[in-house]
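**Q** Below, each chain spelled out in residue letters.
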Amino acid sequence: MPIMNIKKFSFTYPKTEYPSLRNITLPIEKNKITALIGPSGCGKSTLLRAMNRIHDLYPGNKYDGVIDILDSQTNTRKNILDIKKEDEFIKLRQRVGMIFQKPTPFPMSIFDNVAYGLKIAGIKNKTELKDRVEDSLKGSALWKEVHDRLGASAMGLSGGQQQRLCIARAVALKPEILLFDEPTSALDPISTGAIEELLVELKKDISIAIVTHNMQQASRISDFTAFMYLGDLIEYDKTENIFLNPKEKQTEDYITGRFG
Amino acid sequence: MEKIFQKLSLTSASIVFVILIAIFFTLFHASKPAIDQFGFDFLLNPDWNKELVVESTLAMSDEIVDEDGMLFDEDDEAETITIYGGLVPIVGTFLTTIIALVFALPIAMGIAVFLAEIAPKNISNIVGIAIELLAAIPSIIFGMWGLYYFAPIVADLVGGYQVSLLTAGLVLGVMILPFMAAITRDSMNTTPDVLKESAYALGATKFEVIKDVIFPYSKTGIIGSIILALGRALGETMAVAFLIGSIFVLPTAINSPTISIPVAMANNFGEASGLGESALFYLALILFVISFGVISIAKFYFLKKAN
Amino acid sequence: MRLLVNKIFLALSILSALIGLAFLGWILSTLFIKGLSSFHFNLFLNDLIDGGLRNLIIGQFILAAIAAAIGIPLGMAAGIYLQEYGRGKYTTLIRDLSDIMMSAPSIVIGAFVYAVVVIPTGGTSGFAGAIALAIMMIPVVINTTDNMLSLVPRELREAGIALGASKYKVIIDIVIKAAKVGIMTGILLAFARIIGETAPLLFTSETSNYFSLDLTESFPSLTVSIYDLANEPEESSRDLAWAASFILTVLVLIINLAGRFITRNKEN
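Residue numbers (numbering that gives the first Met the number 0), protein chains in the order written: chain A, 0 to 259; chain B, 0 to 306; chain C, 0 to 267.
Hints are computed from structural coordinates only; laboratory data are not their basis. Predicted, not measured: the structure shown is a model, and the values here were computed from it. It cannot be assumed that every hint is accurate.
[What the hints assert, rightly or not] Selected chain C positions facing chain B (in silico; Cβ < 8 Å):
#1 Leu-23
#2 Ser-244
#3 Val-251
[What the hints assert, rightly or not] In the DSSO-like style, the derived pairs of lysine-lysine whose C-alpha atoms are separated by at most 27 Å in a straight line are:
#4 C/Lys-176 - A/Lys-123
#5 A/Lys-101 - C/Lys-176
#6 C/Lys-179 - A/Lys-118
#7 C/Lys-88 - B/Lys-2
The beta-carbon is built from N, C-alpha and C at its ideal position, and this holds for glycine as well.
Given only the sequences and the hints, what does the whole structure look like? Please build it.
**A** Here it is in structure tokens:
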């Protein structure tokens, strides 16, 4: 049962004539990692950013089709493209978190960073905050390194640590889905490896969608892969099939490095 | 809460617009009596606060207002009325500004070149700060220093009065110097390094790179800085007040004392009333419109910033 | 030949820099020499009526502080609107108008406040002077807030929104915090600028020989008094004007350097 279903989804940026995404249909499976791959400009980040409606920071977009998300309590599905009201946007983003390519620590202490989402969600109890921050930092493999300096500024952490901090910050809200937009492309190989391990751990509780231009990364960690090109979804399948036995010629060309 | 915040910030932003419109309309309204009385002749008439015999002035205008702003009546017993003409301050404003520009331009360009291309980084930083400190000095200080230290030297060199068009213009030049230098330097720094390196790679000297690559590239920014400095110089009051002489007489030579619009306002607003006050507002309006125009030209034609 | 031209040009450029520095040095040394020679600590204890500067220094501060209390919140709110909410032609217009106002003649602003505050209220007042200074401060604060906020990377805002924060929370908790140092520097520089202003005060709040905290009357101003004192024939007035000029300049330069120091510190 996919936690999110993308059905015939098209997207056009404001003041643009042609859609950047055309008729995309693909599931995001629960507790699995789904990778979006493709050459620059294929629309993979655009698609990812539609899943938490962050495009709506910049008004004027045109949406077509459906992106529905499963409500595990009521077992019903809700089309997130219908959301218009501020508080519904907020609820969506508390369920669908996002990590960016450049680590984005807030100008505050490590503790305050991780607690930020919780505080704005209304959690004020100091003990609860402390516990949840600790859990998240442990869950992001950062606790050991920062537990003795939670009050220090987050800006003093290394790139890899900052990115893990951002993951901890997002995880603290206990989201159902986490969206990763090229999370390791700005990091060194060792930090990259640490984060890849983290993602495989996280998928036990969270469903993950990751955009990556690094095919090896996709084949290493993802369960399902979607190959996109110029705004179309070319092929979607289990990762082993995509990489060992692609059905479309374009997919094969990309995988073998003939373009992109 | 979100909506309140948004509305509050929008209101604050609109205040700028409101103030600007308010300034324009207030000045216009307050200068209306003078505008009605003198019209555009105000711009060409060198007589300020001059008493004229009635008959000759009746020939100039149908409705005459006396010093208290009251409409002149044929039954009025006064034989003279006072007229105001803004030519002298207008001329003074323009001439001081031009003198300032001519004086400051080569020095400012030289400083900008020094800061942008010649000085090594740490010297450039220190000298840059020094130049910015020069810009931070309040204008009244320039007036004090100008009057007691600079003006006597100028008067010794050139002869004539210490308070004059020339000394005012030169001190004004020193005041706009740092501003012009800073903006020119910033413009020059936008030249891409690859462009400069290509020229050096062909064997060009520093002078040639500056002349043939950097200056043409940053030309619009440089011209913009000059015009903007001009706009600021037009409105400068205190330094000029100390040094220009403050008399409503057209300058006969570069070292004659005269007056400028800001100085005329500074000296006379306190005691003015009626038509005289209105005439001062008329001058203020003229200054405002001209400054606004000059600064706008600088901004829109030359200083386009990528935002 | 080319090399000679180059050398001459370089020499001229260095000469210009020296000239610029020379003027700065000349003015500062003049201030120090003349100012220090007329300086004594009683200046801080007596008011102008008794030959001191106390009421003027305090008065100038109060006027600038009130102007800042009005100008900083308004300017920051407007700057936030321009950078964070504004889109389209109206925003561009406000931004441009504010930019132009930054270079507008200060005496005209004084005339404006004279017409809308002094005349209707029947006389000069500290309020009028403070308002004139506030009008001068607002565009500068707008400009600095706008620019400093634009330097905050887009992703930081998106990260805040992605956690479910509403836009104003992102602005207050994250964006302004990230731009905090730059904005503070800009505000300090703006404050330094208005505390040294004379023209807007000349006929709005004028000055006073006495110590006063009454903003409804003419209010003591260091800058306006320097002008008055310099125009008096007595030598003692002139000396006092120099002492006042010295104190004013030291004040302005300290605030200016403090602003730069903050930026330097943060960069380390």
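**Q** Honestly, which of those hints from before does the structure not fit?
**A** none
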